[in-house]
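One line per chain: the protein sequences are X and F, in this order.
The first sequence begins at 2 in my numbering and counts up by one.
The second sequence begins at 2 in my numbering and counts up by one.
Calculated directly from the structure, the hints in this document are not laboratory data.
Hints may be right or wrong, so weigh each one.
Stated by the list, open to error - With the C-beta cut set under 8 Å, the calculated list includes, among others, these residues of chain X facing chain F:
1. Asp140
2. Ala226
3. Glu250
What the hints assert, rightly or not - Listed next, the stretches of chain F that the computed footprint assigns to chain X, with coverage defined by at least 3 CB atoms under 8 Å from CB atoms of chain X:
4. 135-141
5. 165-178
6. 215-223
Where is the CB? At the ideal position from N, CA and C, for every residue including glycine.
2 protein chains.
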Amino acid sequence: MAGRELSSTRSPRVKAARRLAKRAFRRRDGRFLAEGPQAVREALALDGVLCELFATAEAENRHQDLVARAEKSGIPVFRVGADVMAELAQTVTPQGLLAVCRFVDVSLESALASSPRLVTVLAHVRDPGNAGTVLRTADAAGSDSVIFTDASVDSYNGKCVRASAGSIFHLPVVMGPRFGEVIPALKAAGLTVVAADGAGESSLDTALEAGTLGGPTAWVFGNEAWGLPEEILAAVDEVVRVPIYGGAESLNLATAAAVCLYTSARAQRAG
Amino acid sequence: MAGRELSSTRSPRVKAARRLAKRAFRRRDGRFLAEGPQAVREALALDGVLCELFATAEAENRHQDLVARAEKSGIPVFRVGADVMAELAQTVTPQGLLAVCRFVDVSLESALASSPRLVTVLAHVRDPGNAGTVLRTADAAGSDSVIFTDASVDSYNGKCVRASAGSIFHLPVVMGPRFGEVIPALKAAGLTVVAADGAGESSLDTALEAGTLGGPTAWVFGNEAWGLPEEILAAVDEVVRVPIYGGAESLNLATAAAVCLYTSARAQRAG
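Just chain X, with the same shape it has in the complex (with noise of 0.2 Å):
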């Protein structure tokens, strides 16, 4: 059972809690809150991250290996009612369990340190359900981080922690560089740096045939709305468009992003 209950949405723990759906308590707190089974199992995996842990009644009993692992490395967890949970968390549904985690992201410095294959940058992307599909796929086809620079939506934001489905816990995430800085570690590291816009000169088929995607890579998304600004389409080593073969006039964001990740992973496994 959970080691302690509160019965009030003004419990001081809950309210702290509560304040991390807000951008600037997280930053001051260094903490976000992830909900759902799925998220504490992958918070769980990593050590120190897990800070504390809200559960009803109801979840405690359908997830008791969760609540067990988490009593026995010494997080706290509190047991508190729907009115509670339904306070905390930010679904329509919440689905009973809610962690609050320490900040996960790392330096652009170390996310680069290791010869990376394959990274993805997002760059105006502000819409967190799409951030957080980009961040999921792009952990999917294997790539070895993920940096949101600041023109980019937070990365802690619940919509995107949700949508990444645990993701955000698997592979290094950096937050907040600007891109002016990332383009030159990028090429540091070995990467060609490749943006997805659709007015790019050559189609990805092009720069499948021609090679370019064979090798170390950098990805760079933009906006949903209007694509990528003059100055990062002129600081990239190419800008490529994902090809229209019929009528419609583009591909949302996170179906452009899937489909170029998953080219240039086929591309390096078969290189």
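Mind docking chain F on chain X? Use the hints.
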């Protein structure tokens, strides 16, 4: 200027359009709602699809070309206030243009009549946003048609239409056949039927190398949470999984579909 002004949310015409947010009324009337300038432009490009257009004064001013084209085609245009538009539109920030359109779906026979090379089947897709994103991706990848089986969401659901970003007007969409009747029709049309499922015995890379994807192919996509039921996995020619190179447990449905459809599109063009 719009031919007539509708100032009340209680106007019978507004009520009739508002009702189309519900599937039962869409079916009865054979009509659906499409919101925003992009959808209106695509609907106008088809003969006899756009039945009525609602526009706020601001949208009418911003999209004079579209309103003029509608009026020239004899389509009734109604000017409405922000309150009426808010009542009609299903979005938080309505774009000020809303079209009532006739159903555009075609029969299974007609969709498969002219030697299709790439067909997309949504077999158990329940989330309308995902379904619309897959429709858009299928269009971009050059799919000849998209089939929504009776176990999938309604293709005319407002969220699905929006997520399709106009693609519902671009390619033949088949609505509501049973999967049992779809399979023999696909095979009779000369298509290899491939299901995408995390439990697939061969990976996408293996299927690609084996040459499976170079010929006419129908891709079957399942439910976001639990994939495809046993009877579908047993009935298709092959079950293929998108390889997971990193730590992610899975991909979301729309990104997995993007990887599969683009892999087929490229293989068919290379072959």
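Right, here's what the structure says about each hint:
no., hint, in the structure
1, Asp140, "holds (4 Å)"
2, Ala226, "violated (12 Å)"
3, Glu250, "holds (7 Å)"
4, 135-141, "holds (count 5)"
5, 165-178, "holds (count 5)"
6, 215-223, "violated (count 0)"
Of the hints listed earlier, those the structure fails to meet are numbers 2, 6, in rising order.
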